Amino acid sequence: MAARVGIVLVSHSAALAEGTAELAGQVGGGAVIIATAGGTDDGRLGTSIEKVAAAIRRADAGAGVVILPDLGSSVLTVRTLLADDPDDLPGPLEVADAPFVEGAVAAAVTAAAGGSIKAVLDAAQEARHARKL
Amino acid sequence: MPENCEATVTLTGDLHARPAGALSVAAAQFASAVQLAVAGGQADAKSVLAVMQLGASSGQQVTVRATGPDARTAVDTLIGILSTATAAGAELGD
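The listed protein sequences correspond, in order, to chains A and B. Its first residue numbered 1, the first sequence is counted upward by one per residue in my numbering. Its first residue numbered 1001, the second sequence is counted upward by one per residue in my numbering.
Do not take every clue at face value.
Using C-beta positions, here's what the derived DEER-type ranges look like [unchecked claim]: (1) B:THR1073 to A:ALA2: 16 to 22 Å; (2) A:LEU89 to B:ASN1004: 31 to 37 Å; (3) A:GLY43 to B:GLU1003: 52 to 58 Å.
Quick caveat, the hints were computed from the structure, so don't treat them as lab data. Fair warning: this is a prediction, and the values are worked out from it, not measured in the lab. Just so it is clear, CB atoms sit at the ideal spot from N, CA and C, and this is done for glycine as well.
Just chain A, same shape as in the assembly:
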């Protein structure tokens, strides 16, 4: 079976990242690596470049990684990492401009189905238009 696209969830909160990963993993049927980078290195609310880099390495299975940040400085942290040191990381890497929960679920399903990194990124970003009601 071809390698799946990996997913990294970057949140200010470790609990939020892990809970979202659990939900998206279940909806995707468990066939995708979803790695989390939640909270600061000392366990507070915030983001950590080191945690994001480690999560990217864990999520990579050879087909690339789609990164979903939650809010504000999560995006900055991801951007800073990618701007500073992309040679050190596996690739290709894409950052999704998407709602965190819906984007993670849609990305997990598309990755589980063997979608390309572009398909997984598009699925996450199309989640912006999904209605709940």
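Start from chain A and add chain B according to the hints.
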């Protein structure tokens, strides 16, 4: 040759997040376009969020329509998942 195919099933459980995921993962394997239709709505079966938004529940009829080279297999596969995964989802209580 593209073909059209459709079939209808009555759900034995609600179309919750997990069965919706299983359905969309399966639908994405087919080249055919696949739509789900219930009373009051339809969704692209390959979009898990659209499938969840249908809010299809136990006792409702769901029609699967596919158009493309593997339409018949797509419909058979998705009807199979709708027949079993919704029942499993109900047991798991999600």
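A quick look at each hint next to the structure:
1. B:THR1073 to A:ALA2: 16 to 22 Å: holds (20 Å)
2. A:LEU89 to B:ASN1004: 31 to 37 Å: violated (46 Å)
3. A:GLY43 to B:GLU1003: 52 to 58 Å: Roughly 57 Å apart at Cβ, these two residues keep to the hinted range, so it holds.
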